[in-house]
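The sequence shown runs 1 to 99 under the numbering used here.
Check each hint, because a few of them may be wrong.
Said to hold, decoys possible - Derived DEER-like restraints, expressed as beta-carbon distance ranges:
id: 1; residue 1: R99; residue 2: H2; range: 36 to 44 angstroms
id: 2; residue 1: L53; residue 2: E15; range: 17 to 25 angstroms
id: 3; residue 1: A77; residue 2: P57; range: 36 to 44 angstroms
Just so you know, the hints here were simulated from the structure itself, not pulled from any lab data. Ideal Cβ positions, reconstructed from N, Cα and C, are used throughout, including at glycine.
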Amino acid sequence: MHAPFMLTVHPVVPEMRPVIPAVVHVDGTARPQTVSRKTNPRYWQLIREFERLTGVPVLLNTSFNIQEPIVCTPEDAVECFLRSEMDYLVMDRFLIRRR
Numbered sequence: 001m002h003a004p005f006m007l008t009v010h011p012v013v014p015e016m017r018p019v020i021p022a023v024v025h026v027d028g029t030a031r032p033q034t035v036s037r038k039t040n041p042r043y044w045q046l047i048r049e050f051e052r053l054t055g056v057p058v059l060l061n062t063s064f065n066i067q068e069p070i071v072c073t074p075e076d077a078v079e080c081f082l083r084s085e086m087d088y089l090v091m092d093r094f095l096i097r098r099r
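Model the full structure from these sequences, guided by the hints.
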């Protein structure tokens, strides 16, 4: 399947629904976003490492905003992080951790 922009809906096999409940809609479907090693090697490697650690090759993708317009700049990201309950923010090669 090639779906880099989350534009299609696919059924999730029943045995995987309890494994990835946060990505499964009430009708048993999901909007997958596929990641290519060639076009996004760092994100692809993150997914592979997550799979190695958990056995699940799936990460949840959601919009980055909290009751405001979607984050568009690094400054927006830091401001949103500070207003949120997030523990970590990753920007490029930087990891920001809440104390």
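Checked hints:
R99 and H2 have their C-beta atoms about 41 angstroms apart, which keeps the hinted 36 to 44 angstroms range intact. Between L53 and E15 the CB atoms are about 21 angstroms apart, so this pair conforms to the stated range of 17 to 25 angstroms. As the Cβ distance of A77 to P57 is approximately 26 angstroms, the hint placing it in 36 to 44 angstroms is violated.
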